[in-house]
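Chemist: Please model the entire structure based on the sequences and the hints provided.
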Amino acid sequence: MDGMVNPSRVHGLIDDRPGDKVFRVDRDIYLDKDIFEAEIRGIFEADWIFICHESQVKNPGDYFAAHLGRQPVFVHRQEDGSLKGFLNACSHRGAKLTPVAQGNAKTLTCRFHGWSYKCDGACIRVKDEEGGYGKDFDRSVYDLRQIGAIGSYKGFVFGSLSADVEPLEDFLGESKFFIDFVADQSAAGLEVLPGSQKYIIGGNWKMSTENAVDGYHTSTVHRVFASTVRQREAREGYEGMMKTETGRLAKKTVRNGCYDLGKGHMVIWAERDPVSTSPLSEAEERLERDHPTGKVNWMLRRGRNLIIFPSLMINDFAATQIRTFRPISADETEVTIYCLAPPEESREARYARLRKFEDFFMASGMATSDDVTALEATHEGSRARVVRWGEFHRGLGTMIDGPDDVAEEGGFTPETSNNSWDQETLYYSFYRRWRDQVSSS
Amino acid sequence: MDGSILTDNLSSVVDDRVDEGMFRVDRAVYTDEDIFEQEVQNIFEKCWIFLCHEDQVAEHGDYFWTEIGRQPVFVHRQEDGSLKCFVNACSHRAAILTPFRRGNAKTITCRFHGWSYSCEGACIGIKNEEPDTDRSKFNLREIAKLESYKGFIFGSLSPDVPTLDDWLGAAKPWIDLMVVQSPDGLEVVPGSSTYTIDGNWKLQAENSVDGYHVSTVHRVFAHTIAARESKGEYTGIGKTEAGRIGGGVPTASYDLGNGHMAIWAEHTTPEVRPIWEAKERLEAELPPEQVDWIMTKGRNLFLFPNVMLMDNPSTQIRVMKPLAASRVDVSIYCIAPKGESDKARAGRLRKFEDFYLTSGMATSDDIAALEDTHEGSLARGSKWSEFNRGLDSITYGADDDARALGFEPAACTDNWDHEVLYHGFYRHWLKMMKGER
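So the sequences go chain by chain: E and Y. With the first sequence counted from 1, adding 3 to any position gets you the numbering used here. With the second sequence counted from 1, adding 10 to any position gets you the numbering used here.
Hints were generated in silico from the structure; no laboratory data involved. Heads up, the beta-carbon is just placed ideally off N, CA and C, and yes, glycines get one too. Treat the hints with caution; some may be incorrect.
Facing chain E, a subset of chain Y residues (Cβ under 10 angstroms, in silico) [unchecked claim]:
1. His384
2. Arg399
3. Asp427
Modeler: Printed below as a string of C-alpha cells:
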C-alpha cells in the first residue's frame, strides 16, 4: 500500500464534461485505499487545514490538539499573543505531548520520560540529562518541530504541514465573505462554546463534505425531523427564536440557491422563514447600523452552509456550528462539532441557539443521526462496482457563470451560481481541485 | 501491500552510528504496515517464540492454545509426558480445534464438522466417512521445532533456527534466577489478563526494559502506594518497595545478545519480597552470588521478540502478540515458586494486581504512554526516536555483577535509565528483517 496512483487514472475518475451535460465521479474515489493515501499526501498533509478557533486558545499557554491528515499537531498561544503550531510528538521517543485535547500549559512535560518544552517549543529540560548524555549535550537539537505554516482569518486558525502553500487569504478566496457573514455577527469576535462532540461515520470523508452543502437531501432525509419539530412546537407553544424554521425543510416555500465559490469552496443558502426564529434577530438594529443592508441580508436573513476545502463546514442555519471531517481511512471519518456564538447575545438567544444545536446537529439529535445513516448507506452502496458513477449534473441547465443578483448584494463573485440548493453544480471546483491535488501528490 | 517494498531501504530505518554518538530509529518502524508484514514473516515466523509454561500443560491431554506471529498453534501434553505442538486448524476446513485457551482433552473433536484427532495428532474420526478414506493424510500438522528450557516452552514455525540453548544464550542465567527459587520449580498461578494496546508491539517490547520512564510514568503509583503503606495497614511482605521508583538506587541495563535485553534495580528493602521467607534455604542450596541476585536485584528480562519475565514487586510472564502495526495483544500471568507460604503468595498476588494487572495502577499508565507514543509517531515531520542515553558509559562484555552471576552480555551500562540495550534489540531486528541469520 504505497499510495501511488497514476495521475492519468485520477483524471479518469472525474468525468468533467459540463458542455456535454455530464459531470460524474467514479465511486472508487470513496473506496480505494491508494487514492486515500494520495489524498492524505496531496491534500491533508500538504495544504491549509482548519485546526481550531482562536477563542479555543485565548490566553498565553492555551493549547489545542488536532490532526493534519494523520499527523498529530497542536496550536500553542505564545506569551506575545501570537500562535505557533507544532508536531505533537516528543523529540525523544515520539510520545504525544498534550495530555488533553484542549488545555493550558506554559511548559509541556512529556508524560513518558519527562522531557519539557517551553511554550515556544524550546526543549528546556531533559530528565537526568547528565546521567544520560555527555557534557556537550545540545538541548536545542531537540526543540519541537513547527508545522510548515499557520495562519488565522477572523478567528479561524488554519495550519499546513507544508510551508509551500499560498497565503491563507488567497487560499480562502471568495469563502472569506461567508466567514465574514458569521464572524462579523459580533463586534467582539465569535466564541466557541464549551463542549464538543465527536463521532465516527463508517463512510468516506468526501461524502460528509458533499452532504454539508447538499440541499437536495433535506426534504427526504430530514422530513421526519421537520414534522416532529413542527408538531412539538405547535403543542408546546414555542414562540419567537425558540422556534425552528421547519417549513423550509419540507417544501420549497422560500428562495434558496447554491454557489461554487471556486478553489473547492462551496455554499448553499436559503431565506429564513421567518427571520424572527434566528437567535441573531435580537441584534438586527445593531447589524443594520454597523453593516450595509446587503451584507445584513446575508448575515441575518439567509441561512448558510459553507464548505472550505477540503473538510471544514461552517454552518449558520437553525444554530451556528463548526464541523470538521477528519479522514481516518477510506471507510472511516471522524466528525467533530462545536457550537459557535456571539459572546454578547442574551441568555434567551443563547438558550435557543443551544437547544436548536442539540436538536439538529448533535449525534444524539434528530437530523445528524439521519445524515449518518444516509452516508453509511451511500458508502456501502458505492461498493456495488457494477454501477460506476456518482452523478452530479443536477442543475446544469440553470447554472450561470459568476454572480447572481443576491451574490452581487453580498459583494462576492462565485465561479457559478444556481437557482436552487437542490442543484449539484457547486461541487465542480471541489472535484477539480481534488483531482489536481491528488494527481500531483 | 506485498510486504517487500522496504527490503532495499530497511537499513535506513535503523541509523546505527554509535561511533559518531548516534543510534536512532525511524518512527516508521512503528506505523508502517509493510514493515509489519515483513516482521510477521521474517521475525515471528522464523524465530523461537515462547508458547507457554510446562505447568500450564502438566497432565496428559492438557493443551494450551497460543499464536506464533498470526498463526494459531496449540501445545498438547502426550501420554508419555512429552510435548507436541500443532497448528491449531482442523485438516478439513481449518476451524480452530481447541474450545478454550487452556484445557484438557485426550482427543479433540472439531466443533464444525466433527472430525476427531488423538492427542498425538492422528486423525481418528471423520463424520460420515467415505469407504477407503486414508485418514492419516489428515493428521494434524506439527510445528517445526518445540523445546523447553527449565519449564519455559518455545516453538518455531521454521526448522532453520539455532538450538534453544544457543538462542537463549546469556539470558539463561536470568531465567534460572526465577526457576531455582523453589526445589519444585515454578507454577503459573491460575488466571490471566489479556488486553489490547493501540500501539506497535515494539513499543511494548521497549517498555519492558525501560527504566527511564519509571520515575515519570509510575510516579503516581509510587506516591499512592507510599501513602497507603504509611497508614500502617501494610507490613512485611504486604509492602511494595515504592522508593525505588523515585530513583537513587544502583541499577544497570544489559544487551544480552540475540535481541534479548534486561535491567535491574537494587531492592533496598529485600525483606518485603515474597521470596524473603526462603532466604535461609536458598543460602544453603545455592551459590551466594545467585542468592544475592535473587534477593537484592529486581529484574525485568525481555526475550526477543515478544516475551518478558519479570521479578520486581511481583513475578510475571508477559506475552505480546502483534495484531497489526498499530495494535498488540498483551497477556499476563503471575508465576510463583511452588510451595511458598500462603502469606507470601498473598503478598505476591496483591502486588501483581497493584502493578501489572490492567486494572492496576501501573500498567494502565504504561498503556497511556505507549498509545501516546504510537500516535505521536504518526507526526512524520518528527522522524527519529533516539536511543542515545548512556552512550558514554557503555561497557562491552560483562560488568562485575554479570561476572558474579556468570553471563556475558554484548554490552551493559550502570544505569537502567540508559538506552544502549536497545541497540542489540534493533540490530537483531534488522538482521532478521533482512533475512540474515
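Chemist: Under the criterion of a CB-CB separation shorter than 10 angstroms, is Y:His384 in contact with chain E as hinted?
Modeler: Holds - the Cβ of Y:His384 comes within 10 angstroms of chain E, reaching about 8 angstroms at its closest.
Chemist: Under 10 angstroms, Cβ to Cβ, is where Y:Asp427 needs to be relative to chain E, so tell me if that hint holds or is violated.
Modeler: holds, 6 angstroms
Chemist: Taking the closest Cβ pair, is Y:Arg399 under 10 angstroms from chain E?
Modeler: Interface hint status for Y:Arg399: holds (4 angstroms vs cutoff 10 angstroms).
Hint check: no violations occur; every hint is consistent with the structure.
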